[in-house]
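In order, the protein sequence lines correspond to chains A, B, C and D.
The first sequence lines up with residues 1004 to 1047 when you count with our numbering.
The second sequence lines up with residues 7 to 259 when you count with our numbering.
The third sequence lines up with residues 26 to 247 when you count with our numbering.
The fourth sequence lines up with residues -15 to 265 when you count with our numbering.
You may find that some hints are simply not true.
[Unchecked claim] Straight-line Cα separation of at most 25 angstroms, SDA-like style, residue types lysine to any residue; simulated pairs:
id, chain 1, residue 1, chain 2, residue 2
1, D, K76, B, L20
2, D, K75, C, A117
3, D, K76, A, D1043
4, D, K76, C, E245
5, D, K75, B, H72
6, D, K75, A, W1046
7, D, K75, B, R207
8, D, K76, B, R14
9, D, K76, D, P143
10, D, K76, B, D73
11, D, K76, B, V68
By construction, these hints were calculated from the structure, which means they are not laboratory data.
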Amino acid sequence: MSHGGYVLAGYAASAVAIGAYALRVLGRGRALSRRVPPKDRRWT
Amino acid sequence: MELAVHLRAAVSLLGRFPALAGVDLDVAPGEIVLIQGPNGAGKTTLLRACAGLVPVVRGVAVVLGHDLRVDARLVRRRVGLLGHATFLYDDLTVADNVRFWSRACGASRADADAAMARLGLEGRLADVVVARLSAGQRRRASIAAMIARRPELWLLDEPHAGLDQAGRDVVDTLVRDAAAAGATVLVASHELDRARALAGRTVTIAGGTIPSGGTTPPVLASGSPVYGPRGRQNDGWVDAGAPGAPGEVVGVP
Amino acid sequence: MFRDAWLVAGKDLRLEARSRVTTNQVAPFAVTVLILFAFALDPDSDVLERATAGLFWVAVLLSSLLALQRAFTVESVDGNRDALRLSGLEPAGIFLGKACAVAAQLIVLEVVLGIGVVVLYDATLAGPLLLGATCLAATAGLAAAGTLYGVLAAGLRVRDTLLPLLLFPVVAPVLIGGTRAFEAALGDVPGEGWPWVGLLCVFAAVYTAFGVLAFGPILEES
Amino acid sequence: MTSPAPSGTEPSGTAAGAGAPAHTGSQGTRVLGSVTAAGLVMLSLFALVFSPAEADQGDAVRLMYIHVPTAVVAFLAFFVTAAGSALWLWKKSRWWDLVAASSAEIGVIFTALTLVTGMVWGRPIWGVYWTWDARLTSTALLLLLFLGYLAIRRVPAEPDVRNRRAAFAGLIAVVDVPIVHYSVNWWNSLHQEPTITRLDPSIDGLMLFTLMLGIVVFLLLYLWLLVHRFRLAWLEEQLASSDLAAALVERRAEADEATISAPPAPSSAAKASGTIAEASR
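Just chain A, with the same shape it has in the complex:
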């Protein structure tokens, strides 16, 4: 693969950034959900 390193770097950076952000949002969501009664979480 030509420029394989660059391609991989680009994909890895995107995967890591989006993955880390998503995990953070989900994790914080879980932590805060425990402290909010279900009736204030209309999606459940």
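Given chain A's structure and the hints, the job is docking chains B, C and D onto it.
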């Protein structure tokens, strides 16, 4: 007659801190009311909320006929606030400051000059840069800027602080004259003797609340003054809560 | 509205006349920036000469930040922001007044910097008409956008660090437009410069209109 | 590329009780998340394995399959932020403020990724990471504008004040975008060739399909992230306002302490807390 100030379960926040946690207060036009309470009780915030500077986020707040939660802007130009801050530009002279603030609300230059004369700021003192004034002179300049506006509601936060004896007398005279002319005055002061002589009645604020028992003007005006914090102990305390919510008596053990 | 603007602008200029912060502090700072550029870029080569237009506007931008911070510091000390809200002055008038006062100070700074680049960078001020028009349009834009962000950041504890972050990306078009127009004027091809003046005028118009509309709600909040 | 789709099988949080799962997922986001995850796997296969290398760019063209979608999502996110800000000013519904805030945060992430993937692509193709290309430059300015927006959001303030401040900051930034774009474009065109065409119009069918797939999958990803981020913001708001109820109780208790010279009575405060919490809803 329409009340000058009408608050029910008013809540105001400083950041996330509820400095006012449910205030009930009715003040009739022309009344002079002393707000007393310990440091941190919410006196300053109450006055600032009445001025429309601190938003009332819950409850009812009508001042000078306008709902503060809807059009505070119409209230602001009609009140005069004398706070801890003196509202002066350090690098301008006394005359510049007083004239700027009075012209801003449409008062004339003559009003400004009369106000300065009333506070003993005429002549040489008028052309001194504010930064070079003493604390008391600064305070006088601040009062002059306020009275030049001819406010309908006077909100005085420690008006006597930093003034000499003559200055305090001037303030008292100004307040009496204004009230006689129909203006409403709320005073928060620790100079209790002086303020009580001035005020028609006293309202006690504590923990950001004025219990509804302390708000009806006639009872307190005619009955024995309820200064002591123990005064409420026998009454119990009606929590008005949100407007329309049934009040619940929380007994004090 | 214009009466209020006049009153506020008069107050701010009087304040400046008495305190002389812009003339005694900001203007020397601007000249210092010009000298620093000369240290950074080898003055013997023609780099300075070629970069004169850009360096001029970067210096204007940096010193405009100081002028703006000063303009809003005087409103945040001693509760004057509250006093403005109590004053009954029309917010749009306050905005125009403050922007005009800032603009007047920026014009003075630009004159100082103009003399600075002529003396220090050996620039020849060709096309004075284009130069003047560029300065006016760019100053109006800078003052309008800066006043808008100034009041947004004023009253916040972090305002001194927040204002540059907010302001500089927004005024990037002013830097680009001012620099290109100056290059055209100094390079004696004014025809290429006028479209940029047009861009600067659009920028100024957009932010002045936005400020007149938005200043009220922004100032009303505590 | 991994997608941490929410798994509904995990045991729910206990403290929230009543069998309600303690996370920001729902039936809808689970479906959306699964589809997105499958799409991302498919995109990876198409982008890295099935699609051919391009004649001029070689395999570097594969970066386009994420660069273009991230850019699309970034611009969409900022458009949503602007719309949310405007709608908040109009409707004063905190819903719109939360949408604007959530979208701006996602937009900043995707803008940064757009720049990173663009630079990683530029290095082998142009020979440099950065060039003062019009699109790159205005995207960088856009990133800075919205970093400013997020910074002003983070300044603690009363919710209504913060929302108004943020809404105006968002609108001021958005008003700037066309001016920035235009001026940068114009500035650029004076000095060098217009933006290099990144993909040949006579593009190979499979490559075009991969690109379109990328855009669709990233839009789904954006939507999934937005829903979760919005719910997280909602939770934060709920906690802040329930904190207010507690703070009111605490504040009023100060009056008790002042009234009764005896030590503070916890039973009175506890009793009051129920009523006030109800009254303040």
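Hints versus structure:
1. With a CA separation close to 21 angstroms, the supplied pair K76 of chain D and L20 of chain B stays within the 25 angstroms bound.
2. Proposed proximity of K75 of chain D and A117 of chain C is supported: the alpha carbons are some 23 angstroms apart, at most 25 angstroms.
3. Proximity of K76 of chain D to D1043 of chain A is assessed by CA-CA distance (about 20 angstroms); at most 25 angstroms being required, the pair is judged to hold.
4. Our distance criterion of 25 angstroms between C-alpha atoms is met by K76 of chain D and E245 of chain C, whose separation comes to about 15 angstroms.
5. For the hint linking K75 of chain D to H72 of chain B, the alpha-carbon distance of about 22 angstroms falls within 25 angstroms, and the restraint holds.
6. Simply put, K75 of chain D and W1046 of chain A have alpha-carbon atoms about 23 angstroms apart, close enough for the 25 angstroms limit, and the pair holds.
7. Among the hinted pairs, K75 of chain D with R207 of chain B is inconsistent with the structure: their alpha-carbon atoms are about 43 angstroms apart, more than 25 angstroms.
8. A C-alpha spacing of about 24 angstroms is found between K76 of chain D and R14 of chain B, which places the hinted pair at or below 25 angstroms, so the restraint holds.
9. A distance of roughly 12 angstroms separates the Cα atoms of K76 of chain D and P143 of chain D; the hinted pair therefore holds under the 25 angstroms criterion.
10. Between K76 of chain D and D73 of chain B, the direct Cα distance comes to roughly 18 angstroms. Compliance with the 25 angstroms bound is thereby established for this hinted pair.
11. For the proposed pair K76 of chain D and V68 of chain B, the alpha carbon gap of about 22 angstroms is at most 25 angstroms, so the pair holds.
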